[in-house]
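Model the full structure from these sequences, guided by the hints.
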Amino acid sequence: WQPATSIMEELLEETKRELKAIDPTAELENIGILFFGGKETSEGYYPTVSIATDLRSAGYWTLDEVDEANSRYAKENTPGYKELSLTKVIVDGREASILDSEDNEPGYGRWRYIQLTTVKGDFVWLVTCGSEYQDFNDYEDTFNSIVRSLRILN
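Just add 3 to the spot in the sequence shown (first one is 1) and you have the numbering used here.
To be clear, the hints were calculated from the coordinates, so they are not data collected in a lab.
For every residue, glycine included, the Cβ atom is placed at its ideal position computed from N, Cα and C.
Hints should not be assumed to be uniformly reliable.
[To be verified] Simulated restraints on C-beta separations:
no., residue 1, residue 2, range
1, 141, 67, 31 to 41 Å
2, 109, 29, 19 to 29 Å
3, 5, 61, 35 to 45 Å
4, 108, 140, 16 to 26 Å
5, 140, 27, 36 to 46 Å
6, 124, 30, 10 to 20 Å
7, 82, 138, 13 to 23 Å
8, 86, 140, 11 to 21 Å
9, 113, 76, 11 to 21 Å
10, 74, 31, 17 to 27 Å
11, 27, 90, 31 to 41 Å
As structure tokens, this is what we get:
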């Protein structure tokens, strides 16, 4: 596993382009990717781990509101999206949610994700680990360890 810092800016811009194509009214200027990495392969990084932040706003303030908004957005805009489970936990002394989900986007295939969401101050924090569906069991324990290890230092 290693960081892929050299492609983080490009990844953020690509993500924003894709989100704008799905929803032209989406406010994306406050999204930041703080970390992206995985196991380096000849085709990039796989499986993947990312840490991102987004600015909290009205209707996107409490953890429950954030979970609901993220779920609604994924169901409306992600092909083959299924929420397998959503569990409330305590990570680093604060309430968090761990989402287990899958999708099946054209060009990417069927993937499965573990994502931790928590809020602190003005920000929503998201730690996302993902792999192709058929490989998920090989990484599930590692993914759960990664998302539960988030420590916000400020």
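Going down the list of hints, with the structure as the test:
Hint check: residue 141 to residue 67, Cβ distance near 32 Å, so the stated range 31 to 41 Å holds. For residue 109 and residue 29, the hinted distance range of 19 to 29 Å is satisfied, since their beta carbons lie about 20 Å from each other. Residue 5 and residue 61 have their C-beta atoms about 39 Å apart, which keeps the hinted 35 to 45 Å range intact. Between residue 108 and residue 140 the C-beta distance comes to about 21 Å, which sits within the given range of 16 to 26 Å.
The hinted window of 36 to 46 Å between residue 140 and residue 27 holds, with their beta carbons roughly 38 Å apart. Take residue 124 and residue 30: their Cβ atoms lie about 18 Å apart, and the range 10 to 20 Å holds. Restraint check, residue 82 to residue 138: a C-beta distance of roughly 20 Å satisfies the suggested window 13 to 23 Å. In this structure the hint that residue 86 and residue 140 lie 11 to 21 Å apart at CB holds, the actual value being about 19 Å.
Taking 11 to 21 Å as the suggested C-beta distance range, the pair residue 113 and residue 76 conforms, at roughly 20 Å. Checked against the given bound of 17 to 27 Å, the beta carbons of residue 74 and residue 31, roughly 19 Å apart, stay inside it. The beta-carbon spacing between residue 27 and residue 90, approximately 33 Å, falls within the hinted interval of 31 to 41 Å.
Of the numbered hints listed earlier, not one is contradicted by the structure.
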